[in-house]
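Novice: Which chain is which? The protein sequence lines are A and B, in order. For what it's worth, my numbering labels the leading residue of the first sequence as 1, then goes sequentially. For what it's worth, my numbering labels the leading residue of the second sequence as 315, then goes sequentially.
Derived from the structure by calculation, the hints contain no laboratory data. Some hints could be false.
The calculated lysine-lysine pairs, modelled on PhoX-like cross-linking and capped at a C-alpha distance of 25 Å, are [what the hints assert, rightly or not]:
id, chain 1, residue 1, chain 2, residue 2
1, B, Lys628, A, Lys130
2, B, Lys444, A, Lys314
3, A, Lys150, B, Lys441
4, B, Lys548, A, Lys179
5, B, Lys614, A, Lys130
6, B, Lys493, A, Lys130
7, B, Lys556, A, Lys150
8, A, Lys91, B, Lys444
9, B, Lys597, A, Lys150
10, A, Lys283, B, Lys597
11, B, Lys464, A, Lys314
12, B, Lys597, A, Lys179
13, A, Lys179, B, Lys405
14, B, Lys548, A, Lys130
15, A, Lys100, A, Lys43
16, B, Lys405, B, Lys493
Derived list of chain B stretches under chain A, where covered just means 3 residues or more per stretch with a C-beta under 8 Å from a C-beta of chain A [unchecked claim]:
id, segment
17, 385 to 399
18, 476 to 489
19, 533 to 544
20, 570 to 580
Please read these numbers as outputs of a predicted model, since none were measured by experiment. Positions of the beta carbon are idealized from the N, C-alpha and C atoms, including for glycine.
Protein chains: 2
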Amino acid sequence: MYRIGVDLGGTNIAVGLVNEEMQIVKKKSTPTGAERPGEEIVKDIAALCRDLCAEENVDPKTLACIGIATPGIANHDTGVVEYANNLPFRKFPIADLLEKELGVENVRIENDANAAAWGEAMAGAAKGTKNSVMITLGTGVGGGIIIDNKIYSGFNYAGAELGHIVIEVDGAPCSCGRKGCWEAYSSASALIRMTKEKIDYCRTVGRATLMSDQPKVSGRTACDAMRAGDSAAKEVYDEYIKYLAAGLTNIVNIFQPEVISLGGGVSGEGQSLIDALLPTIRKEQYGGGVVPQTEIRIAKLGNDAGIIGAAMLK
Amino acid sequence: MYRIGVDLGGTNIAVGLVNEEMQIVKKKSTPTGAERPGEEIVKDIAALCRDLCAEENVDPKTLACIGIATPGIANHDTGVVEYANNLPFRKFPIADLLEKELGVENVRIENDANAAAWGEAMAGAAKGTKNSVMITLGTGVGGGIIIDNKIYSGFNYAGAELGHIVIEVDGAPCSCGRKGCWEAYSSASALIRMTKEKIDYCRTVGRATLMSDQPKVSGRTACDAMRAGDSAAKEVYDEYIKYLAAGLTNIVNIFQPEVISLGGGVSGEGQSLIDALLPTIRKEQYGGGVVPQTEIRIAKLGNDAGIIGAAMLK
Numbered sequence: 001m002y003r004i005g006v007d008l009g010g011t012n013i014a015v016g017l018v019n020e021e022m023q024i025v026k027k028k029s030t031p032t033g034a035e036r037p038g039e040e041i042v043k044d045i046a047a048l049c050r051d052l053c054a055e056e057n058v059d060p061k062t063l064a065c066i067g068i069a070t071p072g073i074a075n076h077d078t079g080v081v082e083y084a085n086n087l088p089f090r091k092f093p094i095a096d097l098l099e100k101e102l103g104v105e106n107v108r109i110e111n112d113a114n115a116a117a118w119g120e121a122m123a124g125a126a127k128g129t130k131n132s133v134m135i136t137l138g139t140g141v142g143g144g145i146i147i148d149n150k151i152y153s154g155f156n157y158a159g160a161e162l163g164h165i166v167i168e169v170d171g172a173p174c175s176c177g178r179k180g181c182w183e184a185y186s187s188a189s190a191l192i193r194m195t196k197e198k199i200d201y202c203r204t205v206g207r208a209t210l211m212s213d214q215p216k217v218s219g220r221t222a223c224d225a226m227r228a229g230d231s232a233a234k235e236v237y238d239e240y241i242k243y244l245a246a247g248l249t250n251i252v253n254i255f256q257p258e259v260i261s262l263g264g265g266v267s268g269e270g271q272s273l274i275d276a277l278l279p280t281i282r283k284e285q286y287g288g289g290v291v292p293q294t295e296i297r298i299a300k301l302g303n304d305a306g307i308i309g310a311a312m313l314k
Numbered sequence: 315m316y317r318i319g320v321d322l323g324g325t326n327i328a329v330g331l332v333n334e335e336m337q338i339v340k341k342k343s344t345p346t347g348a349e350r351p352g353e354e355i356v357k358d359i360a361a362l363c364r365d366l367c368a369e370e371n372v373d374p375k376t377l378a379c380i381g382i383a384t385p386g387i388a389n390h391d392t393g394v395v396e397y398a399n400n401l402p403f404r405k406f407p408i409a410d411l412l413e414k415e416l417g418v419e420n421v422r423i424e425n426d427a428n429a430a431a432w433g434e435a436m437a438g439a440a441k442g443t444k445n446s447v448m449i450t451l452g453t454g455v456g457g458g459i460i461i462d463n464k465i466y467s468g469f470n471y472a473g474a475e476l477g478h479i480v481i482e483v484d485g486a487p488c489s490c491g492r493k494g495c496w497e498a499y500s501s502a503s504a505l506i507r508m509t510k511e512k513i514d515y516c517r518t519v520g521r522a523t524l525m526s527d528q529p530k531v532s533g534r535t536a537c538d539a540m541r542a543g544d545s546a547a548k549e550v551y552d553e554y555i556k557y558l559a560a561g562l563t564n565i566v567n568i569f570q571p572e573v574i575s576l577g578g579g580v581s582g583e584g585q586s587l588i589d590a591l592l593p594t595i596r597k598e599q600y601g602g603g604v605v606p607q608t609e610i611r612i613a614k615l616g617n618d619a620g621i622i623g624a625a626m627l628k
């Protein structure tokens with residue numbers, strides 16, 4: 001039996017047909033047009049679903065589930081998006097609307113970070129576990145919590161905002177309005193900020209660094225320069241790792257999950273990222289050495305985590 | 315049907331007979347003697363249970379549950395305390411031993427902070443909720459998490475160490491070995507440290523403060539002096555509130571529980587403490603104003619939370 005997963009982003013809508021092995025059989029996408037009324041966005045989602053089904057000879061009514069991973073606060077009990085920052089959703093009954101468009105009754109919704117965590121728990125880095133946490137290191141720091149084989153998002157569906165744990169009181173300003181959030185130190189954007197600050201500093205004091213030679217600073221600038229032996233880049237990376245390890249140790253001490261999976265752009269660094277993080281986490285975690293330890297893994301599903309997680313919603 | 319709750323501390327063992335209304339009918343206690351072998355501690359727990367039952371004409375075999383709230387990592391599936399810091403427990407099968415002493419088969423165990431949170435959720439400040447968090451502001455900062463009407467402590471039973479969330483990277487040293495843990499800023503001990511530092515500072519610069527007049531600095535020194543109009547004491551209190559509010563906002567952003575209950579010595583400040591905390595929490599919490607909000611409440615059961623929570627273990 002097939003399922004469909006919808007990854008609704010601020011820029012693109014990606015829709016995938018997912019088979020019983022939790023693999024994406026076929027994927028389609030279209031620009032979101034986030035400035036449009038929500039109803040028009042839903043019509044485009046429906047069209048993509050219909051196209052996918054038609055091309056693969058699947059009757060939409062036979063789908064086990066059509067799941068939507070959406071930004072914002074997604075009430076998975078009512079199918080209403082209470083609020084989204086980057087889409088025109090205010091108490092928007094997206095599940096009902098898509099059900100009417102498609103003539104089905106099994107549309108489910110979930111916050112996008114939570115859906116990605118669910119995808120990794122079902123079919124990715126945390127497959128086979130009951131309790132896991134996914135941390136996405138992208139433009140922001142996203143979090144998704146799986147407890148007892150269920151997505152946990154609090155009584156109001158707004159929880160699991162793990163990027164908005166303050167790890168430095170009165171620290172760097174965060175997009176959420178707080179100061180010192182984990183996101184302000186461990187997102188790809190934060191890494192870019194740290195890199196730029198170091199380049200400026202090197203320029204000011206006349207210190208040579210390979211990072212200055214790059215036409216554009218990205219999340220990889222410091223990592224690449226460090227691997228080429230640049231000491232200033234190493235300092236940026238070490239600082240980044242310090243904060244990331246502090247935040248991940250917090251997650252261990254709070255949840256002691258079987259697995260923490262790391263996704264998002266920065267996780268492209270792969271095992272070397274984990275190797276850099278583990279010494280601090282192992283040293284600082286609570287109960288270390290006495291009981292089994294949380295494993296830190298790179299997420300497996302990449303950009304497909306949202307689609308697969310949405311398709312597999314219960 | 316009666317139950318028994320055992321609150322096993324580093325200093326005292328308190329045992330209570332609990333009725334169906336979740337009230338303590340009678341309580342007994344004895345010094346723990348934490349330096350003794352665990353088996354002797356268990357014998358004393360058994361004696362207290364027998365005495366309570368005898369005095370109240372209850373047959374121990376008719377008890378619905380005998381629950382033990384213990385320090386350390388308590389495996390509630392096996393009844394084994396994996397490790398405790400202040401008691402001689404290393405993989406100690408405390409439930410089995412107590413069952414043999416009493417000839418019963420229904421001894422359950424839980425970490426003490428988790429049991430207190432369970433007590434508040436069953437019969438105290440969070441009664442009627444499914445998702446709540448208890449924070450104990452005492453010598454340390456303890457945490458207990460209730461999710462979906464169950465205690466959550468991670469796959470290895472060592473989770474919910476909410477006092478060991480770093481809120482200030484490279485900050486004040488914590489007893490756990492990390493730097494900048496919430497506990498190092500929001501425990502009663504931290505409040506005492508902040509008070510002493512301010513007294514020393516005032517002495518150095520020749521500033522008058524009522525706090526200097528106290529024979530002994532306690533967690534109440536700054537609070538009492540502040541209420542008497544002392545400006546230096548107000549500065550200490552404001553600083554303490556800043557960190558406590560930051561940590562509590564973190565808990566909201568992570569869990570969005572229905573209720574956070576505050577226990578421990580500092581919570582004796584009562585509603586004025588909550589009034590001082592709320593403006594920051596409401597301003598900084600994620601999703602504020604769009605969805606229902608977490609309530610912050612003073613815990614209701616005081617020192618009995620552990621006994622009641624232990625007695626009510628499932």
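Novice: With reference to the structure, classify each hint as holding or not holding.
Specialist: Now for the hints, and whether the structure bears them out:
1. B:Lys628 x A:Lys130: 20 Å, holds
2. B:Lys444 x A:Lys314: Between lysine 444 (chain B) and lysine 314 (chain A) the Cα gap is close to 20 Å, so the pair holds against 25 Å.
3. A:Lys150 x B:Lys441: Since the Cα atoms of lysine 150 (chain A) and lysine 441 (chain B) sit roughly 23 Å apart, the hinted pair holds (cutoff 25 Å).
4. B:Lys548 x A:Lys179: Cα-Cα ~23 Å, so holds.
5. B:Lys614 x A:Lys130: 33 Å, violated
6. B:Lys493 x A:Lys130: 31 Å, violated
7. B:Lys556 x A:Lys150: Violated. Lysine 556 (chain B) to lysine 150 (chain A) sits at ~34 Å, over the 25 Å cutoff.
8. A:Lys91 x B:Lys444: 24 Å, holds
9. B:Lys597 x A:Lys150: 30 Å, violated
10. A:Lys283 x B:Lys597: 35 Å, violated
11. B:Lys464 x A:Lys314: 20 Å, holds
12. B:Lys597 x A:Lys179: 12 Å, holds
13. A:Lys179 x B:Lys405: Outside the cut-off at roughly 42 Å; violated.
14. B:Lys548 x A:Lys130: Violated: lysine 548 (chain B) and lysine 130 (chain A) sit about 47 Å apart, past 25 Å.
15. A:Lys100 x A:Lys43: 10 Å, holds
16. B:Lys405 x B:Lys493: Between lysine 405 (chain B) and lysine 493 (chain B) the Cα gap is close to 28 Å, so the pair fails against 25 Å, i.e. violated.
17. 385 to 399: holds (count 3)
18. 476 to 489: holds (count 7)
19. 533 to 544: violated (count 0)
20. 570 to 580: holds (count 3)
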